[in-house]
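So the protein sequences, as listed, match chains A and B. Under our numbering, read the first sequence as residues 1 to 243, first letter to last. Under our numbering, read the second sequence as residues 1001 to 1270, first letter to last.
Don't read these hints as lab results, they were simulated from the structure. Think of the CB as a built atom: it goes at the ideal place given N, C-alpha and C, for glycine as much as any other residue. Accuracy of the hints is not assured; some may be wrong.
Said to hold, decoys possible - Listing some non-contacts, in silico: residues in chain B with all C-beta distances to chain A over 12 angstroms: (1) Gln1040; (2) Leu1044; (3) Gly1051; (4) Thr1081; (5) Leu1093; (6) Arg1248.
As the list claims (entries may be wrong) - The calculated label-pair distances, taken between Cβ atoms and stated as ranges, are: (7) Ala232/A <-> Ser1014/B: 20 to 26 angstroms; (8) Ala195/A <-> Ser1247/B: 39 to 45 angstroms; (9) Tyr1243/B <-> Arg161/A: 19 to 25 angstroms; (10) Trp239/A <-> Gly1162/B: 47 to 53 angstroms; (11) Gln83/A <-> Phe1161/B: 51 to 57 angstroms; (12) Tyr1243/B <-> Ser213/A: 52 to 58 angstroms.
Claimed, not checked - Not everything, but these chain A residues come out facing chain B in the computed CB check (under 7 angstroms): (13) Thr22; (14) Thr24; (15) Ala25; (16) Gly103; (17) Ser122; (18) Gly129; (19) Leu131; (20) Pro231.
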Amino acid sequence: MDRFQRLHPFTVLAVAAAVVTTTTAAGRWWLSCTVLACALIVAWSVGKSVKLVGLSSAIVLPTFASQLMIHGLASNGKFGLTQVGLQTAAELGLRTAVLVVVGLLCALIVDRHQLVAAIDLSKAPAQLGYLVAATLLLIPQLADRQRAISEAQMLRQVKFRRGPRGWFQKIRLQAVPLVLSTLEESANRAPHLAARGFPAAQSVTRLREIPDSKAQRGIRRVSGLCALLLPALLLVPNWMDFA
Amino acid sequence: MSPNLLLADESTGSKLRRNLLAVAGTLLLMTTYTVLVITQPTDLTGGLGQGVALATFAAYLLSALLLLAAVLRDLPVSTLTLIPVALGLNILLGQFVGSVMVPLYLDSIGTVLVGFLAGRRAGAATGVLGTLIWSLFAPTVLPFAAGAALIGFLAGTAARFGAVRRVYLAPIAGLVSGVLVGTISAPVAAFVFGGTSGVGTGAVVAAFRSMGDSLLSAVTKQALISDPGDKAIVFLIAAMLVYALPSRMYQSYEFVRRYRVLGNLSGERD
Chain A
1 MDRFQRLHPF TVLAVAAAVV TTTTAAGRWW LSCTVLACAL IVAWSVGKSV KLVGLSSAIV
61 LPTFASQLMI HGLASNGKFG LTQVGLQTAA ELGLRTAVLV VVGLLCALIV DRHQLVAAID
121 LSKAPAQLGY LVAATLLLIP QLADRQRAIS EAQMLRQVKF RRGPRGWFQK IRLQAVPLVL
181 STLEESANRA PHLAARGFPA AQSVTRLREI PDSKAQRGIR RVSGLCALLL PALLLVPNWM
241 DFA
Chain B
1001 MSPNLLLADE STGSKLRRNL LAVAGTLLLM TTYTVLVITQ PTDLTGGLGQ GVALATFAAY
1061 LLSALLLLAA VLRDLPVSTL TLIPVALGLN ILLGQFVGSV MVPLYLDSIG TVLVGFLAGR
1121 RAGAATGVLG TLIWSLFAPT VLPFAAGAAL IGFLAGTAAR FGAVRRVYLA PIAGLVSGVL
1181 VGTISAPVAA FVFGGTSGVG TGAVVAAFRS MGDSLLSAVT KQALISDPGD KAIVFLIAAM
1241 LVYALPSRMY QSYEFVRRYR VLGNLSGERD
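Chain A extracted, bound-state conformation (with noise of 0.2 angstroms):
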């Protein structure tokens, strides 16, 4: 078990919260480098390095391509590079910079079943955790049924026309199988769902234990406030300049 495991699900969201609004007020360039290099330490801890520069350039990347485009070649009715324009870009692409990364470790140091269960526990509807635990688990086995259609297209030896036609060919040879089958079985589940009396009008039992201790539901709330104060701090003195 990592150490992140040792942790709860939203005590890393509300610090990840907390990280993430406090940086975007402060606006400087030097508190977001050293939040990424931060996340990436962290990553880097728990093994999850290379995926985390992975998701992120794929994100990152074309957002700081568009940003250049839209602030450092062209603004206010002219075309060419400025310095205030390249900065801008600059500003504004590490600010999605930091959303993205902190985001993205969040979502790999997290385990997914951790977070339903902990949505589950918590004072959410009960059809929220079982929401996020469908799609969570649906996603792969579609993906799975998807790439079997597929595979059985290509047996039948089916041709594509080219061009628009073509397209809308092969949605409907992949597409209509793969709706028709999971509609098929989500409308077979629900009077299962219901008959187990779904939703429960009072809390179930559940056998997975998320740790959880005074400290950390502590962090949770300075965090929470931080999320909302910090943010607030750093940004009134600008606003009273500017009212």
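Assemble the complex: chain A is given as a structure, and chain B must be docked to it using the hints.
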């Protein structure tokens, strides 16, 4: 007798609470949008810009969560089992479209399908939940949850007023929905992310900026180019998928029977 065998006791208080949550969510969304459009902050990265970005992010996300809280407890079990399937379809069909190099998103087919089969509340809930779960893989989609809720809501509304009864009506409804969704989502792209996150869409925004448009105006125009066409195709595909369903399956949804979503095919026998 087991409490599970009894019908749920719905008090007036809980219904009022849910309606208040829905009204609060809608008002928060509309107020934030109106304030942003009227004030159009120009400073994106200074103290004011950081505050606007955080406030926009928080207000759009909070309004989506309020709408979700308003509808979640109302959803019947048949709809609850449908929503995860729809979320999976959003992701898989979206990836499939990406793999065949078609320049569209088509990542809301499942949401629209739920709107057509289970109504606007279920559609809105699917939109919000889909975004929340998708944010585990791409955190930048989180503030767009309200836009996703609007897609599901509009799909349910369109189905209720007969947009699925004729195949040519579905893309028209999609076109109108795309205009609304693009307009509502543009401030998030403009003030939270300073534009768009894609290279292709960024180029379109840059072109409008170089012609002298403000950032919000350029992002809104880009959204109005991309979204209506995308949603028209999504609504058309979702309608065709509903037509492909066997009658016993679509008849099992109360919304389809009650509002005769598929015309004479789906109406309750007199």
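Tell me, which hint numbers fail for this structure? 2, 3, 4, 5, 6, 7, 8, 13, 17, 18
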